[in-house]
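> So you can see what is in the structure, the chains are spelled out below.
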Amino acid sequence: MDLCRRMLLIRHFEESLIGLHDQGRFEGHYHVYIGQEATAVPALSCLGQKDFLFTTHRNHGHLLARGADPGKLFAEILGRKDGYNHGKGGTFHVAAAELGFLHTSGIVAGIIPLAVGAAYAAKARKSDQITVCLIGDGALEEGAAPESFNIASLWKLPVLFLCENNGKYGAGRAAGAAQSATMAVYPLTDLPVAYKIPARQIDGTDAGAVHAAFSEAVAKIRQGEGAQFIETQTVRWPGSETNWPAVPAPTDVSLAWDVSAVPERAREWYRSSDPVLIFIRELVEKGAATKTEIAEIDKSARQAIEQAARFALASPFPGLDEALKDVFAPR
Amino acid sequence: MRELAYYEAKLEALSEIMADERVHLMGGSFLSLSPRRTLFQKIVQRYPERVVSPPISELGFCGLAIGAAMAGLRPVVDLSTGSFIYEAWPQVVNEAANAFYMSGGQTRAPVVFHILHGIRGQGAAQHSHSPQAMLWNCPGLEIVLPSSPKDVKGLLKSAVESPNPTIFVDHVQLFEIRGPVPEGDLVIPFGQAEVKRQGKDVTVIATSLEVQRSLNVADQLAREGIQVEVVDPRTVAPLDFATLLASVEKTGRVVIVDQCHKSCGIAAELAARIAEEGFDKLKAPIRRVTAPDVPIPFSPPLEEFVTPTEPRIIEAIRSVLR
Chain Y
1 MDLCRRMLLI RHFEESLIGL HDQGRFEGHY HVYIGQEATA VPALSCLGQK DFLFTTHRNH
61 GHLLARGADP GKLFAEILGR KDGYNHGKGG TFHVAAAELG FLHTSGIVAG IIPLAVGAAY
121 AAKARKSDQI TVCLIGDGAL EEGAAPESFN IASLWKLPVL FLCENNGKYG AGRAAGAAQS
181 ATMAVYPLTD LPVAYKIPAR QIDGTDAGAV HAAFSEAVAK IRQGEGAQFI ETQTVRWPGS
241 ETNWPAVPAP TDVSLAWDVS AVPERAREWY RSSDPVLIFI RELVEKGAAT KTEIAEIDKS
301 ARQAIEQAAR FALASPFPGL DEALKDVFAP R
Chain B
332 MRELAYYEAK LEALSEIMAD ERVHLMGGSF LSLSPRRTLF QKIVQRYPER VVSPPISELG
392 FCGLAIGAAM AGLRPVVDLS TGSFIYEAWP QVVNEAANAF YMSGGQTRAP VVFHILHGIR
452 GQGAAQHSHS PQAMLWNCPG LEIVLPSSPK DVKGLLKSAV ESPNPTIFVD HVQLFEIRGP
512 VPEGDLVIPF GQAEVKRQGK DVTVIATSLE VQRSLNVADQ LAREGIQVEV VDPRTVAPLD
572 FATLLASVEK TGRVVIVDQC HKSCGIAAEL AARIAEEGFD KLKAPIRRVT APDVPIPFSP
632 PLEEFVTPTE PRIIEAIRSV LR
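First to last, the protein sequences are chains Y and B. Each residue of the first sequence is one higher than the one before, counting from 1 in my numbering. Each residue of the second sequence is one higher than the one before, counting from 332 in my numbering.
Calculated from the structure, these hints are not laboratory results. Any given hint might turn out to be false.
What the hints assert, rightly or not - Dumping the calculated DSBU-like pairs for lysine-lysine here, alpha-carbon to alpha-carbon at most 30 Å:
1. 373/B <-> 156/Y
2. 481/B <-> 527/B
3. 373/B <-> 126/Y
4. 612/B <-> 581/B
5. 126/Y <-> 488/B
6. 325/Y <-> 488/B
7. 220/Y <-> 81/Y
8. 527/B <-> 593/B
Given these sequences and hints, build the entire structure.
Structure (structure tokens):
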């Protein structure tokens, strides 16, 4: 039930964020996590308090899955004083050290060497901390990926690469055997495997499968087996088909059983590929929750997000002196 | 005071920093490929677990060092030839330099990158670079340029204690220079320029190897009665501009010497600041002695022609005294 609440929290957060952008509350490009909720929520639930995480431009879902305060997250994205980084990071760079997120990069493969480095530090200290490197499929196209796989494998470092491939059934796949028009390696797991890193591919909309795969990988890493790689596949959310995200239909748990409220062009995704609705249907079908209970969870998640957005909108912009602060850490 | 060769002082610092369990050395050319390199093996043998040899993957291992620093270690990375840092550029300038700022002061990256810069003798265009000016244009990086045995020891000790990403810019032609180094612990704080020689007629601001060349020039000109003051910033980020400006105020004439290319180099920035803040103290135009805006050529006479050599420094000093 907690997993269900967190998935709904992410969904409502992102839909609300798109609304804030449409209202002109913040400017610039941004990336939402809709359609990948059943990856981060069960995957990150397998981690311990002291583990490290590094993520990218598509970080909102990762932070919320790890228990981030949605008010501080909204505030950061809106460039406000009460944001996680005093408004100086923004959507691309939300870091929250208290949750283990040391550094978040807007360069697709930027964090891969860093995550390998945090794993190196943990191993050097003989701690059982592991590091999770949260990347998208595009990150494998940059040179930092193979260089880091090589070192992580050679030095048997405790790092788990989670590659979220949200391009299943993408254009390149449909046309031929390639992942896309920009990646010759297919399946993507061939790349880490070439560097002797055990890798597997799983369905990122199947929360149970994600949880099982991550529990196993985390255990292997803690036992000293070295780096592991997991690719999760999800079907791209139809709201991201435009240059800017646009919500085809606001998520309501009733969509789990009836998608007639969704415009025709987006209906199939909500019917068969929406990981949140799939999870809700499973909970009800297994008898783990009633439809009424689910509706209650949804209501409380929705309220939490509304409250968080109000908090962020009430937060002032940082004082101008903030622009000149924290270039260097004090000795 | 005892006298040490530059390479001995550097080796002593490398050995002493290993007392801190958080320090890991990555790469093995801290003493370059010079005949002195074998001395580094003593450190490797003493700390085999904390001296590692990564693959030829600058982007990968520099990023690894930054991530390890974020997670609590104090890695000191040897990139050997200065231009090799370009292979790691995205990690150094876009991840390490920005980390503390864009995390709102949460994440520190106390890593040291050691590079051997400059014109070293037949390095040609790809092995003679001085990347320090480009790096100075990346807020968040500390930049250190030792020029004497005492400084290389004290500044390296200080670099390892810094909470910020630090570029340690060394020059292989300094290695055999000898000079006084105090016994025991020696830490030289960043942001403290040193007047290496007092003089009243003209200020020469120089960095790295060019400090030694400028001191030789000062000796030569002293015989003619020209008193040259040689000022070494020692670190450009942070920069002790007050000491530089005080010297310019005293002499009213200034020559700036470094091995970066002329446009947007270290000398260019120092000249701009002196013009901005000390214009009324100047009795003559500021002169720069740098590499011209051309790649460094291989052929020995051509290489010497573009190097900031002693005759070029002397010519510049004479021109501001006219």
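> Each hint should be assessed against the structure and marked as holding or not.
We went through each hint and held it up to the structure:
1. At most 30 Å may separate the alpha-carbon atoms for a hinted pair to count; residue 373/B and residue 156/Y meet this at roughly 26 Å.
2. The straight-line distance between the Cα atoms of residue 481/B and residue 527/B is roughly 12 Å, inside the 30 Å bound, and the hint therefore holds.
3. Distance hint between residue 373/B and residue 126/Y is fulfilled; the C-alpha atoms sit about 25 Å from each other, no more than 30 Å.
4. Under the criterion of a C-alpha separation no larger than 30 Å, the hint pairing residue 612/B with residue 581/B is consistent with the structure, at around 8 Å.
5. Proposed proximity of residue 126/Y and residue 488/B is supported: the alpha carbons are some 26 Å apart, at most 30 Å.
6. A distance of roughly 26 Å separates the Cα atoms of residue 325/Y and residue 488/B; the hinted pair therefore holds under the 30 Å criterion.
7. Taking the CA atoms of residue 220/Y and residue 81/Y, the gap is about 41 Å. The hint is violated against a cut of 30 Å.
8. Distance hint between residue 527/B and residue 593/B is fulfilled; the C-alpha atoms sit about 24 Å from each other, no more than 30 Å.
The earlier numbered hint that this structure contradicts is number 7, and it is the only one.
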